[in-house]
Every structure is written in structure tokens, then in C-alpha cells.
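Visitor: Kindly generate the complete structure, drawing on both the sequences and the hints.
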Amino acid sequence: MGKTLFDKVWDAHVVDTINNGPSMLYIDKHLIHEVTSPQAFSELEKRNIPIARPDKIVATADHNTPTIDQHLPVKDVLSRNQLKQLTANCKKHGITLYGLGHKYNGIVHVMAPELGITQPGMTMVCGDSHTSTHGAFGTIAFGIGTSQVAQVFASQCLLLSKPKKLRVNVNGKLKGGVLPKDVILYIISKLGTNAGTGYFCEYAGTVFEEMSMEGRMTVCNMSIEMGARGGMIAPDQTTFDYIKGREFAPKGEDFDKKVAYWKTLKTDEDAIFDKEYHFDAEDIAPMITYGTNPGMGLKITESIPNSKDASFEKSLTYMGFEKGETLLGKPINYVFIGSCTNSRIEDFRVVADYVKGKQKAANVNAWLVPGSQQVVKQIKDEGLIDIFESAGFRLRQPGCSACLAMNDDKIPEGEYCVSTSNRNFEGRQGQGARTILASPLIAASVAITGKITDITKELQSLELV
Amino acid sequence: MEKFTTLSSTAIPLPIEHIDTDQIIPARFLKATDKNGFGDNVFRDWRFHKDGSSNTNFVLNNSNYSGSILIAGTNFGCGSSREHAAWALAGYGFKVIVSSFFADIFKGNALNNGILPIQISEEYLQLLLKEVTEKPDTVLQIDLEKQTIGIQGSGSSVTFEIDAYKKLCLLNGYDDIDYLVSKMDKIQAYEMANS
Ligand code: SF4
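Protein sequence lines correspond, in order, to chains A and B.
Counting in the numbering used here, the first sequence runs from 1 upward without gaps.
Counting in the numbering used here, the second sequence runs from 1 upward without gaps.
Read the hints as simulated data drawn from the structure, not as lab findings.
Among the hints, a few may not be true.
Stated by the list, open to error - To spell it out: a stretch of chain A is covered by chain B in this simulated footprint if at least three of its residues, at any positions, have a beta carbon under 8 Å from a beta carbon of chain B; those stretches are:
(1) 18-24
(2) 122-129
(3) 413-427
Stated by the list, open to error - Quick look at which bits of chain A chain B covers, simulated, 3 or more residues with Cβ under 8 Å:
(4) 41-51
(5) 76-83
Claimed, not checked - With a cut-off of at most 27 Å between alpha-carbon atoms, the simulated DSSO-like pairs for lysine-lysine come out as follows:
(6) A:Lys8 / B:Lys183
(7) B:Lys35 / A:Lys92
(8) B:Lys3 / A:Lys103
(9) B:Lys186 / A:Lys162
(10) A:Lys162 / B:Lys3
(11) A:Lys46 / B:Lys95
(12) A:Lys46 / A:Lys84
(13) A:Lys164 / B:Lys31
(14) A:Lys46 / B:Lys183
For clarity, every value in this text was computed on a predicted model and none was experimentally measured.
Even for Gly, the Cβ is constructed at its ideal location relative to N, Cα and C.
Guide: Spelled out as C-alpha cells, the structure:
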């Protein structure tokens, strides 16, 4: 029987297997940040175990950092302490850290790919569930808990049972204005938030083949929102072109050798998946969510469904929505464009394209938070910053920001926020805040019109990625 | 890690589905750099109103219900990988979580902190929820060695699945780090062969 992409990468990393038990999987890259690492460092210290491979760890500060005045000391004492600990821990153990203000600083899942740290065929982990993002490169990448962070510190390995395999195929041509974010919100709305639990997912079909690397990252990023530990897309010429020349990418002959290997990572024709789904690209439209989990999504023109389920009703009560109503025309006061799902340069290009020559609605507070310092630089170099400023927007500094609202970027209680992030859980963007997930394009249109607007017609005449 | 063998306890019913780790422990409490004190903030925004007063409608504030077993709706622990959720539940005193489905990462985090996640059928979950809700002094009995959970005095019990290796870890109170570190020679051999 043939092997899947996942099998090929997994098998190449198994150090040993416990009889009737889990496998020891070797980890090529371990990304860490300030929130989920301190207890792992202390655990090792407590047990007097050294860090096995500090050279395979890269750290960044992102979750708990301010997005303005980053040159000043962080005001919040606890946050400042957490950042200080990260710096001290990295220094003590010789771990590379891209701290606040560093030219490579950024959200962990934006920073690593853009620096060429993420490469096909690798195993990568991070104490963060959206580590699945890196699967866009044909990498086995997944989020781990802090005990597992400590395990990787101690041994560069993890004990894991091999997950089952799932493939989601989307074929055909996407309609104008339908972005990668819509594709993944659509898939999750169809499959639900636990369809992927226990599985690793491969995305296949022409839609993903034709997608840019950044789009693929957006899709893989949200794999966890359907319960899957990770998502993967087979590496191809688009992947190789993206990696080539990046800071930590292999160079010269080394690169060619790697590419020859990366080309072998495709799923074999006769490989079998435990579960498989097929969708038609034409059926996908711009999406928004109306509830408190990412599976509660609909096409922007559709109405909220009817259901008597208690959890469903609780969710609508929290959101302040009625069954059967449309969200079109709902006034929105907050727009967040950022997070590891949609804070890369392509996302800001889409937004800039749309807002060019228009004006931000007076009622809207729009937070534009680039994913990294590199993205900030691109926004400036490409002149997008001027477009944003003339349209009435201000750019903030990189970080997770309102995606999880650990810093000061919180949405006030009861307010709606149309957000390009990945989670619309109760209180995710601040206590009592109501999150509506959408693509950067929909978010931009809301920022301009001040309400949820059907832009599908307008879009048919526009040329967008 | 503490050993886990058997447990008899009353239980707390929380019949909500898709409880995500943001509800178990909201992000604003993740700023600590040690594992202590998270129990005080477990289900914070369900337990307390914004002004800090208790939400008397929430089951943890209902003195009729107590115990070290939490029974929750399907897909418990979805969302963020934060292990702080497991620390918060353990800190509050839970030793077992019962549901008809667990999110992957949460399940691993729970096991790594000596909490046993017990997955049972939706029917049996509904039965337990009903029983415990109506009769708060119902005692549940759990036997990890036999992999059973049941209602004391009723003769009703079911078996549950658990990874054989994880079971051994819980029964003996050791964890993955101990195991992995004992295999460093194999790991180094792998590194040599693959560098
Ligand atoms: S942007 Fe949001 S989802 Fe992404 S790593 Fe940061 S907190 Fe997690």
C-alpha cells in the first residue's frame, strides 16, 4: 500500500516505538514563546535535566506584548515579568530569541516561515495550537502542551500515538473575492469542530495547488478548529520558490539536494485515508461566523439556521443574534485585521487594494496588526502604509494582539468585532466581546461601511487574489 | 506525578458542549510563570459576574454539587493548547473529567497532569448527567486498572478505553520525561544517522 505525505514525514522521524504504545518522534524544530514555556524551563531545572538541543529551538515574544510603544518598558507587571523570564531562560540556555524590537520579531507562526526556518519534511512543534500553520510546507507541525514542551527540551523527542489520516479535497475554480480564509471557514462549517479530532489532515485538489504559500498557511492554520492536530499540503514548485533565498533556507547545492527530497513527499496514488471529504470550489462564497465556535459559519448572504440545541441557543444568546436572521446590515464598531491566520503581506495587500481611495467609517475602531517586523517593513516598502493612512487607518506593531486579548488590545463587553483571527469563543477578544470571523477582504469592507455588507456583487468586477 | 488507581466521588454535572480551554481558563490569567493558583480562576467568566460577584446559576457555585469528578458535554477541551486549563482543573480539585469526546491536546495535557479523561458513549454520558443532576449525592466509582466507571450501588458500569502506556504511567505515577530521558542513547543514535 502506498504512503501518504503524512506517513512519509512521520516514518522518517520515528526513533523507536513502545510495544503496543506510542512512538518516539524526533522533533526538528521547536518554537517557543513567553506564555507556554516558563513552567517547562522550571520543570527541567527542578529535575536537574539539561536542554538537549538548544540549537533546534527558536524563541519569539508575541502573545503577551503591547502593539504600541514597544520601545518602552511593558506597563503590565505580570507581562513584563513573563517577557523577562523568556529572555533570561533563552540567555541561560543559549537559545536564539527574537524579542520585542528585534527585526525578526513577530507572531511565531508568521516569523518562522518567512525566515525560511519552516521547511518541507520537517517535524515542528510549539506550545501553541496553531502550529498547524507550518503544515502548509508539507511539514508535520502541531501544537503541544507545556509538559510536552518540557519533554522536547529534555530529549528533542515526543511520545505520540500515530494519528489517523484524513484528506479534504477541494477542486474547481474559486469565485472572485473568495479567499483562502473563506475556504477553510467553509470546510469547518461543513465538517464541524470535532470532525478532525484524532486525525492529521491533508488538503488536496486544484484549489490548494493553485493557492499561494500564504493562503496555504491560512488554511492549515485553522486545521485545529475542526479538531485536527495538524493540516498539511504537499510541497510543490510554489513551496520551493517561496523558501528559496530566505534567511535560514538551505543555499546553493544544498538547496537543490533538499528540493530533490522534498519532491518525493507527495501522497502516493494508492495511499488510503481513514476519512476523505470532497468539496466543490464553486460552492464556496465569502463566509462569516455567527456563533461562538469556528464551525458556526455561513455564507455572508445566508441566514442563521434554526436549531433547538441548548449549546446552540446559549451561543446565539451570547452573540445577541436571533435564529433565522441575516447578519447583513449589522452595525460593527470594531475590526481586527491580524493574527497568525491573516497578518501576512498578502492579507494587507488585499486590504489595501480594497480601501484605496475610500474612507474608514466613523463608527469603526480598526486595528491593523501586522504579523511580524518583516511584514511591517514590506507594508512600508510597498507603500501600503500611505494607502492605509489616507483611508484613516493606523498601523500597530506586531504581535498576537486582539486575537487572544492578553495585552491591552481588548474588545469592550457586548461589542461586535469582525476579526481575521481564528477563534470566536466567548470572551476570546475580551470579556463579553462578540467575535465574527471573516477574511481580510470582508473585514476591510466592514471597516469602510461600518456594517456587515454583501460585497459579492461588487467583487465580481474586481480582480483580487 | 501522583499515582491514580481508583476513585469514588460525587460529581459535578456541566452539560455544555464544546467547552473550550478559553472558558476553562481565560487568556488574561496566563501571565503566571509557575503552575500554582490557576484553580482559583477555573471557569472564571462563568463562575463570576464582571463585577466579581458569584454567578449563582453556575453549577460550581451550587453547594448541592461537589466532588472531584466533572461530567461535561461532548468535545471537552477544544481550542487553545494551553496546559493552564489542565492546571486550573487540577488546582480546583478535579481528578477525573468525563465526556463523550475530548479534544486531542487537552486529553494529553490532562494525562500529563494526573487527571484522567474518561470517554464514554453519548448515551451513558446523558444517563450519568441525569442521575447526578437529579441526585447530587450519587457516587461514581472509577477503577483505572479495570478501566471501568459506574454508579455506586446500582450495579451499572461501563468500560472505557485508555492507551496502555498512559495507563501504566498513571498507575505508577511516572511521566514521559522520565521515559524519554532514559532513551537518550537511542535518540543520539538517531541524530547521528540523520545528520
Ligand atoms: S495570533 Fe492568536 S492564534 Fe495565533 S499564535 Fe497568537 S494567540 Fe495564537
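Visitor: Now look at each hint and say whether the structure bears it out.
Guide: Verification of the supplied hints:
1. 18-24: Contact hint for the region 18-24 of chain A vs chain B: holds, 5 residues under 8 Å.
2. 122-129: Satisfied; 3 residues make the cut.
3. 413-427: With 5 residues in contact (Cβ-Cβ under 8 Å with chain B), the coverage given for the region 413-427 of chain A holds.
4. 41-51: holds (count 4)
5. 76-83: holds (count 5)
6. A:Lys8 / B:Lys183: Distance of about 24 Å is within 27 Å: holds.
7. B:Lys35 / A:Lys92: This hinted pair holds, its Cα atoms lying about 21 Å apart.
8. B:Lys3 / A:Lys103: Not satisfied, since the Cα-Cα distance of roughly 47 Å exceeds 27 Å.
9. B:Lys186 / A:Lys162: Within the cut-off at roughly 19 Å; holds.
10. A:Lys162 / B:Lys3: Judged against 27 Å, a Cα distance of about 26 Å means the pair holds.
11. A:Lys46 / B:Lys95: holds (24 Å)
12. A:Lys46 / A:Lys84: holds (20 Å)
13. A:Lys164 / B:Lys31: Cα-Cα ~35 Å, so violated.
14. A:Lys46 / B:Lys183: holds (20 Å)
The earlier numbered hints that this structure contradicts are 8 and 13.
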